[in-house]
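In case you want the letters, here they are:
2 protein chains.
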Amino acid sequence: MDHSEEKTGNPSTAGKQMLIGLHLGNGYGSQPGAWRMPGVDPKNYTSFDARVKQAQAAERGKFQFIFLPDGPGAVMSDIETESPSFNLDVMLTLAAVARETEHIGLVATGSTTFNEPYNLARQFKALDVMSHGRAGWNAVTSSGNDVAANYGRTIPSSGERYGRAHEAVQLIQALWGSWGKDAWVHDQESGQFAKKDQIVPINLQGKYVGSRGPLYIPPSEQGQPIIFHAGGSPNAHELAGRFANAVIGAAFTIEDARAQRNAFRAAAKRYGRDPDEIKYIPGLMTTIAKDRRTALDRRIQLTGDLFPQRVAYLQQMLGISLDPTRLDEPLSKAQLAAALPSRHDPRSPHALKIAKEGWSLRDILAHGVIDYHPVIVGPGVEAADHMQTWFEAGAADGFWISPDVNTDGIDAFVDEVVPILQERGLFHREYEGKTLREHLGAPDQYGIDPRV
Amino acid sequence: MDHSEEKTGNPSTAGKQMLIGLHLGNGYGSQPGAWRMPGVDPKNYTSFDARVKQAQAAERGKFQFIFLPDGPGAVMSDIETESPSFNLDVMLTLAAVARETEHIGLVATGSTTFNEPYNLARQFKALDVMSHGRAGWNAVTSSGNDVAANYGRTIPSSGERYGRAHEAVQLIQALWGSWGKDAWVHDQESGQFAKKDQIVPINLQGKYVGSRGPLYIPPSEQGQPIIFHAGGSPNAHELAGRFANAVIGAAFTIEDARAQRNAFRAAAKRYGRDPDEIKYIPGLMTTIAKDRRTALDRRIQLTGDLFPQRVAYLQQMLGISLDPTRLDEPLSKAQLAAALPSRHDPRSPHALKIAKEGWSLRDILAHGVIDYHPVIVGPGVEAADHMQTWFEAGAADGFWISPDVNTDGIDAFVDEVVPILQERGLFHREYEGKTLREHLGAPDQYGIDPRV
Chain L
1 MDHSEEKTGN PSTAGKQMLI GLHLGNGYGS QPGAWRMPGV DPKNYTSFDA RVKQAQAAER
61 GKFQFIFLPD GPGAVMSDIE TESPSFNLDV MLTLAAVARE TEHIGLVATG STTFNEPYNL
121 ARQFKALDVM SHGRAGWNAV TSSGNDVAAN YGRTIPSSGE RYGRAHEAVQ LIQALWGSWG
181 KDAWVHDQES GQFAKKDQIV PINLQGKYVG SRGPLYIPPS EQGQPIIFHA GGSPNAHELA
241 GRFANAVIGA AFTIEDARAQ RNAFRAAAKR YGRDPDEIKY IPGLMTTIAK DRRTALDRRI
301 QLTGDLFPQR VAYLQQMLGI SLDPTRLDEP LSKAQLAAAL PSRHDPRSPH ALKIAKEGWS
361 LRDILAHGVI DYHPVIVGPG VEAADHMQTW FEAGAADGFW ISPDVNTDGI DAFVDEVVPI
421 LQERGLFHRE YEGKTLREHL GAPDQYGIDP RV
Chain F
1 MDHSEEKTGN PSTAGKQMLI GLHLGNGYGS QPGAWRMPGV DPKNYTSFDA RVKQAQAAER
61 GKFQFIFLPD GPGAVMSDIE TESPSFNLDV MLTLAAVARE TEHIGLVATG STTFNEPYNL
121 ARQFKALDVM SHGRAGWNAV TSSGNDVAAN YGRTIPSSGE RYGRAHEAVQ LIQALWGSWG
181 KDAWVHDQES GQFAKKDQIV PINLQGKYVG SRGPLYIPPS EQGQPIIFHA GGSPNAHELA
241 GRFANAVIGA AFTIEDARAQ RNAFRAAAKR YGRDPDEIKY IPGLMTTIAK DRRTALDRRI
301 QLTGDLFPQR VAYLQQMLGI SLDPTRLDEP LSKAQLAAAL PSRHDPRSPH ALKIAKEGWS
361 LRDILAHGVI DYHPVIVGPG VEAADHMQTW FEAGAADGFW ISPDVNTDGI DAFVDEVVPI
421 LQERGLFHRE YEGKTLREHL GAPDQYGIDP RV
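These protein sequences, in sequence, are chains L and F.
Counting from 1, one number per residue, gives the positions in the first sequence under this note's numbering.
Counting from 1, one number per residue, gives the positions in the second sequence under this note's numbering.
Keep in mind that the hints were calculated from the coordinates and are not lab data.
Copies of the same chain look alike in the list, so a pair counts if it works inside one copy or between any two.
Using 20 Å as the maximum straight-line C-alpha spacing, the simulated SDA-like pairs for lysine to any residue come out as follows:
#  : residue 1 : residue 2
1  : Lys43     : Gln56
2  : Lys181    : Ser47
3  : Lys434    : Glu277
4  : Lys353    : Glu255
5  : Lys43     : Asp408
6  : Lys356    : Ser342
7  : Lys196    : Ser85
8  : Lys196    : Pro42
9  : Lys207    : Arg153
10 : Lys207    : Phe114
11 : Lys434    : Asp444
12 : Lys53     : Glu100
13 : Lys43     : Lys195
14 : Lys196    : Leu306
15 : Lys353    : Leu322
16 : Lys207    : Ala149
Hey, can you work out the whole structure from these sequences and the hints?
Shown next as structure tokens:
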């Protein structure tokens with residue numbers, strides 16, 4: 001690839017392009033009100049058709065991957081009015097998507113805390129073979145007592161969880177690599193099915209987990225799945241620095257994102273790797289419409305009856321009292337003067353900035369100031385500008401996108417944001433290859449070479 | 001249904017029809033030489049396309065289910081010349097099949113020994129929802145040290161394994177039932193997503209496993225998956241008698257099969273159930289061709305170089321010495337006179353019966369006398385006769401079929417055996433409903449009714 005005509009002027013990103021992933025969750029979208037929107041099938045929570053269509057829309061937009069978070073706790077305190085957040089099963093969803101897409105990478109979370117490593121190894125490797133080399137495993141630890149209770153346990157300490165995670169990832173990569181690259185011969189003429197001397201046991205026994213192996217699955221077109229990680233603690237930096245090719249991040253400011261990205265890069269270096277082998281990918285939530293007002297109105301529709309509850313949140317962020325019955329009015333001069341962004345909430349300065357622009361209380365909230373990631377509520381160019389700024393500031397190698405609604409919300413991103421990024425030379429126009437490893441520019445990783 | 005015209009005369013089966021399942025394993029078929037047969041793609045081991053096509057062929061034949069065994073040990077001692085026996089991953093295979101079939105039941109083995117119950121619960125329930133009520137879980141214990149080694153463990157005692165299995169099945173059924181039948185409302189107008197008071201924690205804590213729940217997955221069209229079991233020990237009778245609606249069996253004689261079937265029925269009765277709720281389904285292997293000679297020749301082609309090794313086996317079964325260089329000759333009168341069927345091998349009397357018919361040593365073996373189940377090598381009517389005899393003798397409620405080769409071997413069964421069974425009134429001509437529960441005539445099982 002030659003992007004020399006499209007250089008941005010910033011030496012660190014010159015000629016480089018960003019990655020984009022789609023967050024695929026409960027089938028409706030990232031906003032709690034998505035399931036009630038016009039045009040949305042209220043049965044999408046259980047619809048694999050819907051997930052496949054959504055992944056196909058992302059593939060039309062040349063997204064490098066879809067990302068399916070998972071948390072086997074699924075607290076359902078809001079079930080009376082809201083859908084659970086996650087897929088019914090991330091692996092079955094990806095199996096359906098694998099069969100009905102051609103290029104897009106397939107990434108899901110799998111907990112190292114409450115899964116047997118051998119079971120994770122075989123299921124992700126099978127997906128990798130099934131998808132012809134498009135699988136990624138987001139290897140995380142589980143930290144919620146809600147989750148642990150579903151396994152009849154309590155949560156281990158962070159040290160124990162990460163200790164087990166390091167062993168589990170190492171063991172799983174060893175199982176994935178237990179077949180040499182060319183071990184599977186399947187020669188009908190000679191009758192040789194596989195080269196037995198290139199399929200070897202791994203015999204790893206750690207403090208927490210162990211396995212003899214080998215796995216019974218030959219390499220995929222990309223050798224083996226790619227490791228992702230999600231988390232921001234020092235333990236996360238170490239695990240990702242050692243094993244991961246991509247990090248699913250969460251950061252509200254360029255400064256925080258850049259610090260995170262640098263921490264992961266430094267950790268990779270400590271483990272003897274090229275820092276460019278680890279991509280830091282923070283989240284971005286989007287409500288894309290033809291102008292800001294239209295986008296805000298869409299957000300207001302999506303928020304429904306939740307405004308009073310969100311006003312209470314905003315009060316804490318700004319340290320002032322707000323009246324939930326006066327949603328149509330902007331904050332008073334006295335309120336703005338008294339406001340003090342909470343030091344405990346990194347979203348607070350941005351919330352105050354929006355408030356100072358003079359929007360009504362309802363519109364301030366409709367900007368998504370208390371959402372889980374930075375939020376774009378406006379025309380496509382605003383999303384493109386945000387992404388370019390972060391990318392060129394060394395704060396991100398790409399973004400995972402959570403559209404407000406997973407029907408027209410994905411299409412709006414694909415049709416309104418992607419073309420701008422492509423014109424600016426910041427995003428590819430076509431898949432570079434067939435595998436997720438090719439999409440990410442990650443180095444090859446096959447199995448053992450018993451001759452060495 | 002009215003089968004009164006088709007009564008067989010036997011009161012216990014009058015008006016009843018048998019069940020048929022297809023064994024779906026490594027993608028080639030049940031014979032080790034299947035992967036080398038003309039017309040077989042040698043890459044089928046990793047091909048989900050192939051599995052889907054095979055399941056579709058079984059659906060064309062109105063089979064009630066496909067059955068995917070699994071043994072997460074996959075000893076690969078013969079990998080130089082033979083494929084491993086199992087699917088890359090049974091759940092991903094069933095996900096692909098679920099998307100590309102409409103009626104056939106989807107049954108896979110899942111070990112209670114080396115899986116977290118919560119993980120089994122959510123994956124089988126998700127499959128059940130995905131397939132619109134066609135999932136079955138073959139709940140077994142793992143007994144091989146080869147398997148245990150892949151989990152860094154040794155095999156627990158049979159008592160412990162079955163103790164954990166009882167807890168796991170009970171817990172999983174409770175998780176499956178943690179949503180009431182009508183708990184999922186998804187009413188866009190009113191904004192009610194679900195009835196929270198009909199989704200309840202299970203709070204089961206046993207000696208081996210526990211879970212708080214609830215699961216986050218609503219009921220499928222059949223409520224919840226159906227429990228299968230496989231095994232023949234007294235422990236197996238108890239587990240199946242308590243929970244299972246079907247048993248994947250293995251028996252070489254009518255007498256053994258009938259005894260097994262009666263033992264499972266008696267166990268069901270002990271647990272307060274109607275014995276007809278548990279179906280005993282032994283295995284049958286098939287090589288179907290236009291006549292016996294053609295079928296034997298096909299088997300000979302499939303056996304390839306393995307004859308000497310099988311002669312050694314046959315020697316032990318018959319208690320006589322056999323010469324592997326004289327494959328073309330029948331056994332001598334002296335050999336037949338000296339032969340004494342091994343009391344340790346239930347296949348031995350049948351092997352001697354075939355030998356006495358005067359077939360050559362090669363042809364004796366080509367009859368499949370040392371295979372894992374009864375074997376039909378001949379025209380379709382021989383399979384139909386076998387099935388009718390066992391069914392009417394109270395030895396089977398149906399059969400799981402292992403064709404020799406999973407291409408034309410399935411088609412041969414569908415085209416040559418199924419029509420005969422249908423004409424005899426022993427097998428349905430059309431699916432009775434949409435769900436596996438309907439196919440098996442199993443009683444409804446939904447979730448909790450918190451009003452009771």
